[in-house]
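Start from the sequences and build out the full structure, keeping to the hints where you can.
Going down the list, the protein sequences come from chains A and B. One point on numbering: in my numbering, the residue at position 84 of the first sequence is 86, and numbering is uninterrupted. One point on numbering: in my numbering, the residue at position 19 of the second sequence is 101, and numbering is uninterrupted.
It is worth saying that the hints were derived from the structure and are not from the lab. Keep in mind that the hints are not guaranteed to be accurate.
[Said to hold, decoys possible] Distance condition first, Cα-Cα at most 16 Å in a straight line; then the derived EDC-like pairs of lysine to aspartate or glutamate: (1) A/K55 to A/D11; (2) A/K28 to A/E43; (3) B/K113 to A/D146; (4) B/K266 to A/E29; (5) A/K28 to B/E296.
[As the list claims (entries may be wrong)] Ranges of calculated distance between the beta carbons of each label pair, as one might list FRET restraints: (6) B/D229 to A/R33: 52 to 60 Å; (7) A/R111 to B/R91: 31 to 39 Å; (8) B/Y336 to A/K169: 47 to 55 Å; (9) A/K169 to B/R91: 55 to 63 Å; (10) B/P193 to A/S196: 28 to 36 Å; (11) B/L362 to A/R192: 17 to 25 Å.
Idealized CB from N, CA, C, for every residue including glycine.
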Amino acid sequence: MGKYAIEADHVSMRFNINKEGVDNAKEYFIRLVKHDLHYVEFWALKDVSFKLKKGDRMGVLGFNGAGKSTLLKTIAGVLKPTQGSVHTEGVIAPMLELGAGFDSNYSGRENVFLYAATMGFSRKFIQEKYDEIVEFSELGDFIDAPIKSYSSGMRSRLGFAIATSVKPEVLILDEVLSVGDAAFREKSERRLESLMSDGVTVLFVSHSTDNVERICNKAMILTQGQLVANGDCADVCALYRHMVNNK
Amino acid sequence: MNRIKAAFRPHIDNFMKYRFLLKELVDKDIKLQYRNSVLGMFWTFLQPLLTMIVLAFVFMNVFGRGNSKTGNYPVYLLCGRLLYQFYTTATKRAMTSIRRQASMIKKVYVPKYIYPLSAVLSSFVTFLISLSVLVVVIAFFNLRGKDTVDVTWRVIYTIIPILITLVLSLGVGMILATISVFFKDVENLYDVFMLLLFYLTPIVYHPSRLNFVEGSIQLRVLKMNPLYGLVGNFRAAVMWGHEFTQNWDMVLMYYTAAFAVAMLLIGFWLFYRNQDKFILHI
Numbered sequence: 003m004g005k006y007a008i009e010a011d012h013v014s015m016r017f018n019i020n021k022e023g024v025d026n027a028k029e030y031f032i033r034l035v036k037h038d039l040h041y042v043e044f045w046a047l048k049d050v051s052f053k054l055k056k057g058d059r060m061g062v063l064g065f066n067g068a069g070k071s072t073l074l075k076t077i078a079g080v081l082k083p084t085q086g087s088v089h090t091e092g093v094i095a096p097m098l099e100l101g102a103g104f105d106s107n108y109s110g111r112e113n114v115f116l117y118a119a120t121m122g123f124s125r126k127f128i129q130e131k132y133d134e135i136v137e138f139s140e141l142g143d144f145i146d147a148p149i150k151s152y153s154s155g156m157r158s159r160l161g162f163a164i165a166t167s168v169k170p171e172v173l174i175l176d177e178v179l180s181v182g183d184a185a186f187r188e189k190s191e192r193r194l195e196s197l198m199s200d201g202v203t204v205l206f207v208s209h210s211t212d213n214v215e216r217i218c219n220k221a222m223i224l225t226q227g228q229l230v231a232n233g234d235c236a237d238v239c240a241l242y243r244h245m246v247n248n249k
Numbered sequence: 083m084n085r086i087k088a089a090f091r092p093h094i095d096n097f098m099k100y101r102f103l104l105k106e107l108v109d110k111d112i113k114l115q116y117r118n119s120v121l122g123m124f125w126t127f128l129q130p131l132l133t134m135i136v137l138a139f140v141f142m143n144v145f146g147r148g149n150s151k152t153g154n155y156p157v158y159l160l161c162g163r164l165l166y167q168f169y170t171t172a173t174k175r176a177m178t179s180i181r182r183q184a185s186m187i188k189k190v191y192v193p194k195y196i197y198p199l200s201a202v203l204s205s206f207v208t209f210l211i212s213l214s215v216l217v218v219v220i221a222f223f224n225l226r227g228k229d230t231v232d233v234t235w236r237v238i239y240t241i242i243p244i245l246i247t248l249v250l251s252l253g254v255g256m257i258l259a260t261i262s263v264f265f266k267d268v269e270n271l272y273d274v275f276m277l278l279l280f281y282l283t284p285i286v287y288h289p290s291r292l293n294f295v296e297g298s299i300q301l302r303v304l305k306m307n308p309l310y311g312l313v314g315n316f317r318a319a320v321m322w323g324h325e326f327t328q329n330w331d332m333v334l335m336y337y338t339a340a341f342a343v344a345m346l347l348i349g350f351w352l353f354y355r356n357q358d359k360f361i362l363h364i
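This is how it looks when you write it as structure tokens:
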């Protein structure tokens with residue numbers, strides 16, 4: 003076991019954007035014959051390297067289109083970098099969008115097991131956590147109704163309950179979780195805090211330096227796909243505020 | 083040997099980690115298929131039975147197809163149809179599996195082959211359940227004592243064509259899944275191809291009806307279709323227990339097995355080469 007939870011080594015991500023959005027064979031071959039296929043190259047990440055120690059909480063700051071989400075997706079393993087490599091240790095709970103692994107025809111109960119399985123947990127393991135998950139999500143009897151009848155708040159509450167109850171080693175958060183009403187938000191923040199005090203590694207994306215300073219001890223700034231600052235939270239946040247004011 | 087082991091180690095570890103997901107996905111496919119239908123799982127049984135009755139009626143009475151070569155025509159039909167149905171559902175489900183799971187693939191890391199694999203496996207389970215129709219129909223004829231089917235212990239040989247069809251479906255399914263991510267219209271083309279395959283495979287007719295000379299070019303082309311050999315050998319094991327050796331085609335057994343393994347290798351190769359690009363297209 004290494005001491006780093008996340009190691010990103012010279013990560014670059016290139017997208018070839020097909021201008022016309024050809025997605026069928028007929029059009030593809032017609033355009034191929036007519037030499038009418040155009041791609042636009044776009045580097046969403048350029049040579050990003052950083053290491054994050056276990057238990058550290060890193061805030062990722064940057065303007066719109068700076069590559070924050072792309073970075074999170076490469077770390078979650080959803081995107082494979084064009085160049086470079088990402089190495090992570092332990093179970094990652096990617097909370098990019100809560101309840102992404104749900105099947106809408108399945109009931110809440112069935113989705114608990116399905117969702118946990120996408121994170122690599124067995125039915126037996128989740129069975130032990132099941133009551134706790136249902137109680138935390140405050141779904142009550144709705145747990146046996148199909149997910150398609152849920153409100154978006156109910157879905158995210160269930161997603162949040164599952165993702166945090168399995169005690170992941172790495173949490174990937176996109177913006178502050180605005181799950182449910184004020185009471186539930188407070189409850190979920192308490193749960194995140196308890197995970198953090200247990201030493202979970204956090205990667206947290208935000209536009210707001212206030213939130214980053216509240217949660218993180220490290221921070222970095224991305225600008226147009228490049229890592230421009232990486233270091234202690236207070237210093238980097240000060241720099242970012244300066245950048246925002248000069249924009 | 084150790085180097086090969088070391089090279090496969092991460093893949094095996096990864097598979098072991100996601101085996102629960104594979105099981106969940108297979109379960110889900112089967113459960114959701116008949117949810118909200120009154121007869122539920124019973125449809126797996128009823129659907130092939132009803133199609134058999136329709137086809138048997140059309141081809142025995144309207145076209146007068148049943149003959150001494152086919153033996154018991156309803157059973158002959160059912161054998162061919164069940165295997166064909168398994169192959170088509172498995173490959174079609176595998177083909178659309180990546181697109182169907184787009185929302186999940188975009189947000190969580192999961193080894194992507196899990197999706198076509200679970201699609202093929204769930205079709206396989208459905209197929210195994212639907213084999214009970216065959217048992218019931220054969221029992222019906224044998225108890226009636228007329229048009230009996232000569233079932234012997236050789237029926238265990240059905241495992242061979244069934245397993246080959248499973249491997250073939252997975253291979254073809256992975257090829258189709260890869261292609262359909264980039265080209266959506268492949269799904270429509272494949273439907274037409276399936277219809278063609280239905281008539282190219284001796285399901286409703288006996289090959290001898292085509293009046294091709296043994297060894298002729300037409301017959302050879304026909305036998306290149308792997309389902310030809312698979313359906314033929316499946317029937318040999320089910321229907322002609324005492325004349326098994328005359329009906330079981332060894333050459334076609336090796337050919338279909340080689341074909342299936344080749345498809346599996348091509349499928350995995352194509353899939354692995356392109357899987358990182360899937361997310362950009364779905």
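Hint by hint, here is what the structure shows:
About 14 Å separates the Cα atoms of A/K55 and A/D11, which keeps this hinted pair within 16 Å; it holds. About 24 Å separates the Cα atoms of A/K28 and A/E43, which puts this hinted pair outside 16 Å; it is violated. This hinted pair checks out: B/K113 and A/D146 have alpha carbons roughly 15 Å apart, not beyond 16 Å. For the suggested pair B/K266 and A/E29, the alpha carbons sit about 11 Å apart, so the restraint of at most 16 Å is met.
The straight-line distance between the Cα atoms of A/K28 and B/E296 is roughly 40 Å, outside the 16 Å bound, and the hint therefore fails. B/D229 and A/R33 have their C-beta atoms about 58 Å apart, which keeps the hinted 52 to 60 Å range intact. Taking 31 to 39 Å as the suggested C-beta distance range, the pair A/R111 and B/R91 conforms, at roughly 36 Å. For the pair B/Y336 and A/K169, the beta carbons lie near 52 Å from each other, so the given range of 47 to 55 Å is met.
Taking 55 to 63 Å as the suggested C-beta distance range, the pair A/K169 and B/R91 does not conform, at roughly 27 Å. Range check, B/P193 to A/S196: about 32 Å between beta-carbon atoms, so the 28 to 36 Å window is met. Between B/L362 and A/R192 the CB atoms are about 39 Å apart, so this pair departs from the stated range of 17 to 25 Å.
When held up to the earlier numbered hints, the structure conflicts with 2, 5, 9, 11 and fits the remainder.
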